[in-house]
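Colleague: Chains as they are written, first to last, in the numbering used here: chain A, 298 to 626; chain B, 298 to 626.
Treat the hints loosely; a few may be bogus.
Any copy will do: because identical chains look the same in the list, a pair fits if it lies in one copy or spans two.
Unchecked claim - Here are the simulated EDC-like pairs of lysine to aspartate or glutamate, each with C-alpha atoms no more than 20 Å apart in a straight line:
no., residue 1, residue 2
1, 322, 457
2, 338, 433
3, 337, 402
Don't read these hints as lab results, they were simulated from the structure.
2 protein chains.
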Amino acid sequence: MPTIKDVARDSGLGVGTISRYLNNKPVTTENRLKIAQSIKKLGYERNELARGLKTNRSFVIGVLIPDLTDIFATMLVQTIEQIAYNHGYNTITCDSRGNDALEREKIRLLVRRDVDGLIVFPSNDSAANEAYGKLDIPLVLINTNITDSLYDTIRSDDFEAGKQAGNNFYKHGHRRVAIITQMRNRPGYLRAQGFFSEFGPSHDPSLLYDGEFSIDDGYTAMKAIMESENRPTGVFTTNYYTTIGALRYCREAHIEFPEDISFIGFDNIGAIPILGPPITIIEQPIVDIGKQAVSLLLQQIEHPDISTRTPIEMLLKTRLVIAESVKTI
Amino acid sequence: MPTIKDVARDSGLGVGTISRYLNNKPVTTENRLKIAQSIKKLGYERNELARGLKTNRSFVIGVLIPDLTDIFATMLVQTIEQIAYNHGYNTITCDSRGNDALEREKIRLLVRRDVDGLIVFPSNDSAANEAYGKLDIPLVLINTNITDSLYDTIRSDDFEAGKQAGNNFYKHGHRRVAIITQMRNRPGYLRAQGFFSEFGPSHDPSLLYDGEFSIDDGYTAMKAIMESENRPTGVFTTNYYTTIGALRYCREAHIEFPEDISFIGFDNIGAIPILGPPITIIEQPIVDIGKQAVSLLLQQIEHPDISTRTPIEMLLKTRLVIAESVKTI
DNA sequence: TTAACAAGTGGAAACGTTTCAACTATAAAG
DNA sequence: CTTTATAGTTGAAACGTTTCCACTTGTTAA
Chain A
298 MPTIKDVARD
308 SGLGVGTISR
318 YLNNKPVTTE
328 NRLKIAQSIK
338 KLGYERNELA
348 RGLKTNRSFV
358 IGVLIPDLTD
368 IFATMLVQTI
378 EQIAYNHGYN
388 TITCDSRGND
398 ALEREKIRLL
408 VRRDVDGLIV
418 FPSNDSAANE
428 AYGKLDIPLV
438 LINTNITDSL
448 YDTIRSDDFE
458 AGKQAGNNFY
468 KHGHRRVAII
478 TQMRNRPGYL
488 RAQGFFSEFG
498 PSHDPSLLYD
508 GEFSIDDGYT
518 AMKAIMESEN
528 RPTGVFTTNY
538 YTTIGALRYC
548 REAHIEFPED
558 ISFIGFDNIG
568 AIPILGPPIT
578 IIEQPIVDIG
588 KQAVSLLLQQ
598 IEHPDISTRT
608 PIEMLLKTRL
618 VIAESVKTI
Chain B
298 MPTIKDVARD
308 SGLGVGTISR
318 YLNNKPVTTE
328 NRLKIAQSIK
338 KLGYERNELA
348 RGLKTNRSFV
358 IGVLIPDLTD
368 IFATMLVQTI
378 EQIAYNHGYN
388 TITCDSRGND
398 ALEREKIRLL
408 VRRDVDGLIV
418 FPSNDSAANE
428 AYGKLDIPLV
438 LINTNITDSL
448 YDTIRSDDFE
458 AGKQAGNNFY
468 KHGHRRVAII
478 TQMRNRPGYL
488 RAQGFFSEFG
498 PSHDPSLLYD
508 GEFSIDDGYT
518 AMKAIMESEN
528 RPTGVFTTNY
538 YTTIGALRYC
548 REAHIEFPED
558 ISFIGFDNIG
568 AIPILGPPIT
578 IIEQPIVDIG
588 KQAVSLLLQQ
598 IEHPDISTRT
608 PIEMLLKTRL
618 VIAESVKTI
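Please model the complete structure; the sequences and the hints are all you need to start from.
Modeller: Put into structure tokens, the structure is as follows:
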């Protein structure tokens, strides 16, 4: 591979000049031409490693997600990737497999490869939170479990999302509605809180189905609900996978909305709008989340002094998309 | 950040010794201890950039896919990531948005960041093929369009996959079956060839629905088929998205399998096994594709002399998963 | 005509590693 | 007790950039 020195020799100029050219600093047109010519002739390409070594800047941002096949996460990454790219940054994505230790390791990998900043979509495991404590690198957390993060944080307004669903049920006359969620996950917890808040100060604990955010748990919970003694008049699922799981059970058991039960789901993405029955559903502003995450990160990267700033927690409103899966009672 | 020199100073040893320690070369136990202590004390972490600059090795492999939200691609990446990791390599993933120019740019990005090898899942656009011509870096292509690649290539046995579907229809008595595919995509083309081969030497061209591998085109084609004059007795879709699209139309139009028409789909992943009706479907061996891709790549990386070897094209068999969506006539 | 200045240029030093030739200490062999 | 082999250590050089200071032009003002 040709180096900057080869270009210098070939064009008869000094390495400093070549470097200026490469960094868009002023160079006489005459030399500009010579250099361009030599570069083409030799097929020179800048070695980003050497550059990063010297400048401590890589123009790469790292994105860490718990699961590369999680549709919500990958949609997010996709918008992050695109926006970052428009700002001159490239993105590299790693999968932590929802594993605490692996998440920490991947973060080090990225840091050691000199990423300029990190956007982390943390695994559910709350223990992971410590990991960030030591890092001093621009960092933005998305949908984190942490309550008082030292870092900028961005998430959907989960409490409000829960309220939107609860309110829709309530105003259609529902008073006993079950919710399928994951209480040890902060968004899951907040969605539940918001939901119940619409039904008054106290609520029947048997309406809360607490488990993992997984297809299986959605399925099982939905089944339990349909088979329960004092069956509620509606069900609210609080993430993509529980929604999928619940819908699957309903398909298998030939349960129709809203005839057999009313239903509000979560995350109008992936297969749901396509293969699922038309349902009323909460939509997260994925594109905006991505946009704001990049924006906050770039602020940190480009104004390092800002790090003394107090951390920002940014809430983005969700949207209730109305279909016909909630019956008026 | 502390450097190797700081560690040397702190431990009273030479930088060379620290380097040996870090690279697991023999060091006296006495020194080993001192070094370990200094490293912990200073919080030293190796700078991979500087290392890569010197060694030309990064132990990172780059993966390029056309769409980060494409479930087939991300499942592949996930297994690649895992297997590579077990071999001591990390993975970074980039999205080319199915865009030829962007694909080329991302490849350069990765090369310039010194990845040890590349696994590329090419965009449909055949023009992209040139891009690889110049590269001399270990490279494996997955499901490529190129017929006589200079690089190792790995893909499902698409012709055989088509035959499996065609044969299943044929032996259930079907003689006029439509196929939805993308002929300018090589896998799509081969799947069609294999499919038709089961029905004899010639075929009715009106049974071929040629478009993009997209949900929309799957939907439109399925609609056209159902509304056609001389309606075929079955339909074969040849990738995930066309399958989804076709299923969507069928849901909306209340078409049931196999009563209204027989159906075989492709790629038993994502939402299909969960939300879709139970259908006979072709399954690609995703895990094996990932495994073999990494294996071929590591061969190239670790035996550079091998590059004189003639390129390998590896075919992996698909599997026909049988449900009840094909009627016996 | 000269002084002052601006705009570019050249090349050595530095970034944090690994490598390698020279060196030291220890052990084994005679 | 010397010689020879062995194992480990040392620090300078190199990897390909950017940065910075000293330098050369060319231009303007007096």
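Colleague: For each hint, tell me whether it holds in the structure or not.
Modeller: Verification of the supplied hints:
no., hint, in the structure
1, 322 x 457, "neither (50 Å within a copy, 58 Å between copies)"
2, 338 x 433, "between (42 Å within a copy, 18 Å between copies)"
3, 337 x 402, "between (40 Å within a copy, 17 Å between copies)"
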